[in-house]
Amino acid sequence: MSELKLIGKPAQRYDARDKALGITKYGADFVMPGMLHAKVLRSKYPSAKILSINTHEAERLPGVKAIITAKDVPYNERASNVVGQTTEIGAIQAIQPVLAKDRVRFLGEPIALIAAESLEIAEKATNLIKVDYEKLPVVSDPIEAMKPSSPLVHEGSNILAKWKIAKGDIEKGFKESDVIVENTYYTQFQDHAYMELEGGVAWIDNDEVINIRLTTQVIEHYRDVAKVLGVPESKIRVIGTFIGGGFGGKEDVTVETFLALLVQKTKKPVKLIYTREESILAHDKRHPFVMKYKTGAKKNGKLVALKAELVSDAGAYAYLSPWVLLYATVHASGPYDIPNIKVDSKTVYTNNIFTSAFRCFGGTQVCFAYESQMDELAHKLGMDSLKIREINYIKRGEKLPAGQRIESTVALTETASRAWKALEKPNKSKKGKRIGRGFASMMQSYGRLTMLHDSSHAWVGIEMDGSLIIRTGVPDLGGGQGSSLVQIASEILGIPGEDISIHLTDSSLTPLAGTTTATRQLYMSGNAVLQASRNLRNMILSRASQMLNVSKEELDLTDKKVIVKKGKKEIPLVDVVKEMAADGLPRNSFAMFNAPFSKPLNSEMEQYERVFPDFTFGTQAAEVEIDEETGKIKVTQLVSSYDVGRVVNRNSVEGQMEGGAVMGIGYALLEDIKSEKGIIQAKNLAQYLIPTSLDVPEVKTIILESKTGLGPFGAKGIGEPSMTPTAAAIANAIYDATGIRFTSLPITPEKIIMALKKKE
Amino acid sequence: MVEFDYIAPKTMDEVLEVIGKPERKNSLLAGGTNLIVNLRANKIKPEIVVDISRLADFSYIRKDGEKIKIGSLTNISEFTTSELLNHQAKILRESSIQFANPLIRNKATIGGNLADASPAADAAIPLIALGAKVETIDSNHKKREIPIEELFLAPNKTLLKKDEVITEIEIPSLNGNNGNLKSAYEKLGLRNAMAISIVSVAIVLKLKDGKYIDDAKVALGSIAPKPIRARNVENVLKEETLSQSLIEKSAEVVLDDINPITDVRASADYRRMMSKALIKNALNKIMLGG
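Those sequence lines, one after another, are chains A and B.
Per our numbering, residue 1 is the first one in the first sequence, and the count goes up by one each step.
Per our numbering, residue 761 is the first one in the second sequence, and the count goes up by one each step.
Don't read these hints as lab results, they were simulated from the structure.
Some clues are possibly wrong.
Cβ-to-Cβ under 8 Å is the rule here; a few derived chain B residues that face chain A [stated by the list, open to error]: (1) Glu763; (2) Ile767; (3) Arg951; (4) Ile956; (5) Leu1002; (6) Gln1004; (7) Leu1006; (8) Ile1007.
Each computed BS3-like pair below joins lysine-lysine, with the alpha-carbon atoms no more than 30 Å apart [unchecked claim]: (9) A:Lys751 x B:Lys1009; (10) B:Lys823 x B:Lys805; (11) A:Lys431 x B:Lys770; (12) A:Lys44 x A:Lys71; (13) A:Lys683 x B:Lys827; (14) A:Lys124 x B:Lys805; (15) A:Lys101 x A:Lys428; (16) B:Lys1009 x A:Lys430; (17) A:Lys758 x B:Lys998; (18) B:Lys1045 x A:Lys428; (19) A:Lys674 x B:Lys986; (20) A:Lys44 x A:Lys101; (21) B:Lys770 x A:Lys683; (22) B:Lys781 x A:Lys433; (23) B:Lys829 x B:Lys1009; (24) A:Lys265 x A:Lys71; (25) B:Lys1045 x A:Lys758; (26) B:Lys921 x B:Lys1040; (27) B:Lys803 x A:Lys683; (28) B:Lys805 x B:Lys770; (29) A:Lys431 x B:Lys998; (30) B:Lys902 x A:Lys44; (31) A:Lys674 x B:Lys917; (32) B:Lys850 x A:Lys683.
Note that CB positions come from ideal geometry on N, CA and C, so glycine has one too.
So that you can see chain A by itself, here it is in the shape it has in the complex:
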């Protein structure tokens, strides 16, 4: 491979201009003639029996075209296998109805769908549906929910899944420890708070295909929709749009099934867009975790034992809770080499809003715990907090507690020392203010679990004028997924970005590329596009070598020309393409990229060769200023330092690193849906507070490139890892400022003041 021309440079994204100008058509920006408008009737209680649902009055309202309840849904009960079973629970399947039939398990659970000629009529009809409830006891605390006396959310047990890791001899480990730190950490429900609300439009084609155009991270949900409707998968087409933020909140099914059911019934186009208030009730949240950590170390700082007990709140339905728990379990010991480890984790049903995917997928909760523990160990031992980490960081070639060997570079010492050094000199401590600094290191997988046998596909084809088309079913979350793929093809084929069109996120017309989740698209689809582009390059150069009468190896593709590297001969790319066409040679390539595969895990995962494809490592350092009178916390500096393997688009990498850190600041200091007995208190964005531009410092980014990742050109993933350590770094900085270890998030001014008062 010759020197790269575009990869690693800051590139202007092809989608940036239209987005800035408001031209981009998102999920809601679409209408069709004769379109109906839909609403969803949701449960008023977190736990209740449904005695009856009366839709008569609503049906009689002029303009109402369809009302669907559980009895009208062809396959209403959706069952999914739960990973992470123990024999004591037995092999269970999690049942999730599309619409609640005789029981609601969380506030806001969907009960009925309404389609009408206008949104106003649909709203009116929703209010005319009479549901008789019999309230049932609510269990909203996962610890309570595990007690035998607890009300059951589903039949059997409230414990949905368990995972275990055991390595070495934990008791011996603690006996050998000179110092032991024990803490219980608590995290909160976090809402994704994306700018774009869930929604879309669906319609039926002449050939009976139901098309659903919506904002989604996963177009492959067409299969779920088909199962619910009882039609062949080929009869459902999901067309994704540019996404105005997802962060995992658009990973599960949102409106697609509802839209398809209404289209199936009415045969008319239907639009459904959630309001903000509805979105907060309707989509999953980040799992609250209760994490009991016990960490033991030698006097010299070497870690010898870690015992962690994790309990996560799954909410009312399974969704991805068992998977998130698996991630948390594997990441629970952090990027450290510890000889004796025991991790026990459980995820538990409650009558809270269901929890599922959210950027970091269980990784940020445990990072808050393991990095708080490291910080406290350093203080207890009187050691430098960089030093204690440095001697414990896992090294390339070493094994994680679950058995997987780290195959790529672990640049933790470098990211940590550089992040720490990059903090500027502290501002002179002002009267009434306390300044503190802290940092946190992390590891986070990128790519899906290898037992899931993940794949991505891409098609790359050249036109007669030398312009290029890429087709791949990648949903672009706003992270510049599409743009990076264009850059890769442009690099390989020497065709400028402006001559390349990329077609994304259509389950029928673009080759399936898998979900835009798990920090996997650059890794997976980047490799698929790279492979297809290289194939096509090879085809072009083969024909050109005949035309120029030199070997393929002597040729290069650049600026829409084939050139002889050591010489002056060149021919326009279009001339080669014309020859290829004349000869009947293919001018496109279809490639499939497979991640490494591994055997399925069971819940006692002691020694597995592989759980994830690979990991990203990094460190964030923070400085805070705390007002002693009010407890107000100002993050005055934040440095984010990662080994990203290889930069593709520098702008996009910096964007992720800045955005992740800002989201982490919100998680650390502000965000909480405040669920009380299953009822969300922060019902809108005036009550659920995310940081504004005035609440965050300029995030300083330090980007390292080990070129050892599994992505194209050695790239790793940065989307999720960019947020993993922020809360821990801030909590450590707050400890530095106050001498108080805050073990529950978010750390609010009120908590600070109350703790300072207690300390006095």
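Following the hints, position chain B against chain A.
Structure of chain B alone, referenced to chain A:
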């Protein structure tokens, strides 16, 4: 959202005619930053929305002798740039900079903020401390004046009748131009923009010989069902010399003036502590040369 009729009169006479019909439940639309939110949440169900934002003559900040007069449709952005306020009612300008965010400030009007009667109404607190009053007109063209501290009854409830509109805010002459008027505003929110206050405090002191307090007006927001005047604090301050011990004493007695609740933003306990802290901060600011 409920269905309603909409009318956008060009003159105040037309407005008064429409709202003078008691059979139709009306809501006035000025900036809409509260109204639209309440409509969407089905908190209010008007039969007619009367858009007064197009009335021409109600947006101004001007001097009238030693008084300042502000048209009720003046938006909060105007406060942030007003040289007159900067000169004569600095506290109003200071507080307006912390009001919501620039987009909301461009729409929200002073009259609307007062008529909405939120216990956290950002503009009401400094106006109460300035001793300001509103002038209103009703459908019989009867005018009256209401001191702002008497305007509020309960959350989102005012003395205003259904057929009555705020036309003007009047800030009395306070300083007589001899530079003895000192003021401070403190707002605590959970973030630095778009934050509903946990507590806000406005203090206006008339000083004699630098430190002797001739008169004091102290107002607080978000710590009672309505914006309040802290008479106990005022009584401690009045006719005393500003000192550290006086500041401490004022902060203690504020607890007798307030009646906070626990809500999604903060606990009542924290609000009590913060009321003391903000009173202290504000008085310290004044003492240290505000």
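Quick rundown of the hints versus the structure:
no. : hint                 : result
1   : Glu763               : holds, 7 Å
2   : Ile767               : violated, 20 Å
3   : Arg951               : holds, 5 Å
4   : Ile956               : holds, 7 Å
5   : Leu1002              : violated, 19 Å
6   : Gln1004              : violated, 14 Å
7   : Leu1006              : violated, 18 Å
8   : Ile1007              : violated, 12 Å
9   : A:Lys751 x B:Lys1009 : holds, 26 Å
10  : B:Lys823 x B:Lys805  : violated, 39 Å
11  : A:Lys431 x B:Lys770  : violated, 54 Å
12  : A:Lys44 x A:Lys71    : holds, 20 Å
13  : A:Lys683 x B:Lys827  : violated, 43 Å
14  : A:Lys124 x B:Lys805  : holds, 14 Å
15  : A:Lys101 x A:Lys428  : violated, 63 Å
16  : B:Lys1009 x A:Lys430 : holds, 25 Å
17  : A:Lys758 x B:Lys998  : violated, 34 Å
18  : B:Lys1045 x A:Lys428 : holds, 20 Å
19  : A:Lys674 x B:Lys986  : holds, 25 Å
20  : A:Lys44 x A:Lys101   : holds, 14 Å
21  : B:Lys770 x A:Lys683  : violated, 37 Å
22  : B:Lys781 x A:Lys433  : violated, 57 Å
23  : B:Lys829 x B:Lys1009 : violated, 35 Å
24  : A:Lys265 x A:Lys71   : holds, 13 Å
25  : B:Lys1045 x A:Lys758 : holds, 27 Å
26  : B:Lys921 x B:Lys1040 : violated, 38 Å
27  : B:Lys803 x A:Lys683  : holds, 14 Å
28  : B:Lys805 x B:Lys770  : holds, 24 Å
29  : A:Lys431 x B:Lys998  : holds, 28 Å
30  : B:Lys902 x A:Lys44   : violated, 47 Å
31  : A:Lys674 x B:Lys917  : holds, 28 Å
32  : B:Lys850 x A:Lys683  : violated, 36 Å
In this structure, the earlier hints numbered 2, 5, 6, 7, 8, 10, 11, 13, 15, 17, 21, 22, 23, 26, 30, 32 are contradicted, and the remaining ones agree with it.
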